[in-house]
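Taking the hints into account, I'd like the entire structure generated from these sequences.
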Amino acid sequence: MSPKLSDLMSLDNAVFRAYLFYSAVLILKMLLMAPLTARWRYAKKIFISPEDTKLAKGGKSGIQDPDIERVRRAHLNDLENIPIFFVAAFGYLMTNPAPFIAIMLMRLFTLARIAHTIVYAVIVIPQPARAIAWFLGYFITIYMGVISLLTFLV
Amino acid sequence: MSPKLSDLMSLDNAVFRAYLFYSAVLILKMLLMAPLTARWRYAKKIFISPEDTKLAKGGKSGIQDPDIERVRRAHLNDLENIPIFFVAAFGYLMTNPAPFIAIMLMRLFTLARIAHTIVYAVIVIPQPARAIAWFLGYFITIYMGVISLLTFLV
Amino acid sequence: MSPKLSDLMSLDNAVFRAYLFYSAVLILKMLLMAPLTARWRYAKKIFISPEDTKLAKGGKSGIQDPDIERVRRAHLNDLENIPIFFVAAFGYLMTNPAPFIAIMLMRLFTLARIAHTIVYAVIVIPQPARAIAWFLGYFITIYMGVISLLTFLV
Numbered sequence: 001m002s003p004k005l006s007d008l009m010s011l012d013n014a015v016f017r018a019y020l021f022y023s024a025v026l027i028l029k030m031l032l033m034a035p036l037t038a039r040w041r042y043a044k045k046i047f048i049s050p051e052d053t054k055l056a057k058g059g060k061s062g063i064q065d066p067d068i069e070r071v072r073r074a075h076l077n078d079l080e081n082i083p084i085f086f087v088a089a090f091g092y093l094m095t096n097p098a099p100f101i102a103i104m105l106m107r108l109f110t111l112a113r114i115a116h117t118i119v120y121a122v123i124v125i126p127q128p129a130r131a132i133a134w135f136l137g138y139f140i141t142i143y144m145g146v147i148s149l150l151t152f153l154v
Numbered sequence: 001m002s003p004k005l006s007d008l009m010s011l012d013n014a015v016f017r018a019y020l021f022y023s024a025v026l027i028l029k030m031l032l033m034a035p036l037t038a039r040w041r042y043a044k045k046i047f048i049s050p051e052d053t054k055l056a057k058g059g060k061s062g063i064q065d066p067d068i069e070r071v072r073r074a075h076l077n078d079l080e081n082i083p084i085f086f087v088a089a090f091g092y093l094m095t096n097p098a099p100f101i102a103i104m105l106m107r108l109f110t111l112a113r114i115a116h117t118i119v120y121a122v123i124v125i126p127q128p129a130r131a132i133a134w135f136l137g138y139f140i141t142i143y144m145g146v147i148s149l150l151t152f153l154v
Numbered sequence: 001m002s003p004k005l006s007d008l009m010s011l012d013n014a015v016f017r018a019y020l021f022y023s024a025v026l027i028l029k030m031l032l033m034a035p036l037t038a039r040w041r042y043a044k045k046i047f048i049s050p051e052d053t054k055l056a057k058g059g060k061s062g063i064q065d066p067d068i069e070r071v072r073r074a075h076l077n078d079l080e081n082i083p084i085f086f087v088a089a090f091g092y093l094m095t096n097p098a099p100f101i102a103i104m105l106m107r108l109f110t111l112a113r114i115a116h117t118i119v120y121a122v123i124v125i126p127q128p129a130r131a132i133a134w135f136l137g138y139f140i141t142i143y144m145g146v147i148s149l150l151t152f153l154v
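Heads up: the protein sequence lines correspond to chains A, B and C, in order. Numbering follows our numbering, in which position 109 of the first sequence is assigned residue number 109; successive positions increment by one, without gaps. Numbering follows our numbering, in which position 18 of the second sequence is assigned residue number 18; successive positions increment by one, without gaps. Numbering follows our numbering, in which position 26 of the third sequence is assigned residue number 26; successive positions increment by one, without gaps.
The hints are simulated quantities; they were obtained by calculation from the structure and are not laboratory data. Treat each hint with caution, since some may be false.
For chains that are exact copies, the list does not tell them apart, and a pair is met inside one copy or across any two.
[As the list claims (entries may be wrong)] Capping the alpha-carbon separation at 30 Å, the derived lysine-lysine pairs in BS3-like fashion look like this:
#1 54 / 44
#2 4 / 45
#3 54 / 4
#4 4 / 29
#5 60 / 44
Rendered as structure tokens:
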């Protein structure tokens with residue numbers, strides 16, 4: 001007997017609501033990466049495409065700048081980790097997990113990714129600060145993936 | 001009282017059908033980026049990996065070419081914006097938005113991203129053409145994210 | 001008459017269970033790209049950010065190494081193809097496809113992407129090995145996208 005999907009994916013289910021809430025937080029956090037990059041681009045007048053150079057007087061393009069590249073690496077790391085988390089967490093939700101654990105894991109993942117961005121691209125903190133934040137998010141996603149895989153193994 | 005999820009995620013619900021339709025359009029648009037890049041790679045015989053150089057006579061690898069990099073930047077910009085839109089729009093759908101507004105926002109986002117690709121990588125049009133297309137998609141995603149966040153705030 | 005969503009998105013529906021299963025496999029495969037990159041970074045002592053250089057004695061940063069860049073290209077190719085597959089396959093599922101075909105396509109996509117990673121970044125096999133693996137996944141996603149688009153066309 002499978003649990004009823006209509007109970008799992010219900011707006012009365014605290015776990016599903018938490019999923020939608022933390023997804024929204026992570027989406028807004030990821031969207032912040034663009035202005036974070038733009039801030040450096042305008043400050044340094046270094047743009048990504050030749051047609052952008054008029055956006056600031058004396059703007060240049062095609063130059064690799066360490067501060068800009070740092071934010072871009074943080075953004076790429078988000079792309080590598082956050083979209084698949086949305087799918088991993090959705091599958092995990094379908095396994096009917098204990099609400100307390102499920103909500104805790106989503107909250108931890110969200111905090112870990114916010115911390116990752118801060119220590120990587122806002123206030124650079126020496127390693128292993130970034131490694132710890134990254135690993136926490138990484139292992140939560142692996143855990144959710146493994147639970148889903150075992151539950152839905154044909 | 002939450003709205004019934006079975007009404008929101010129903011194939012009889014025009015908003016949910018529109019979500020599936022515009023998602024499909026955006027997926028196909030993103031998939032087009034690969035042949036767009038490949039076209040330049042073959043034309044210029046510049047490939048990404050050493051083992052690809054035999055795909056065209058006299059092919060080379062490891063060279064940065066402005067036309068190829070332009071398409072790749074447009075593709076990366078898609079990766080930064082479109083997958084999270086799918087999740088943002090799904091969460092927004094769960095807030096039971098007015099159908100007219102919801103469908104309009106999804107349509108605008110889709111048109112903005114198609115325009116973004118065209119002015120960035122097909123027919124390069126001076127700024128702020130690309131900036132406007134990008135901002136439109138960006139603000140729609142932020143709006144959806146904020147509405148979800150406020151609705152599902154615990 | 002639309003098919004009932006509660007029948008399509010049901011844990012008693014083999015297609016939906018397969019979707020969750022293959023999604024989990026693909027998520028875990030993608031997560032493997034990070035240790036694959038890290039293995040090369042530690043072996044070659046070439047890191048991505050200056051603060052990482054202390055992770056191995058004599059570590060350097062900012063250098064482009066062909067083995068590391070190869071794994072990173074494979075990872076980027078995953079980012080370009082796998083997250084949109086999750087959305088394409090979800091939309092395709094909503095079209096009420098024949099279970100045998102739907103499950104087969106998801107299995108083929110998963111195998112194609114695993115093969116793509118292996119021939120690209122683990123044991124480099126001459127082209128067209130990688131091209132074949134990539135095309136297979138690409139055409140499956142296009143097929144799903146087109147079926148969704150036609151089904152949900154307003």
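Inset, instruction - Go through the numbered hints given earlier and state which of them the structure violates, listing their numbers in rising order. - result: Numbers 2 and 3, in rising order.
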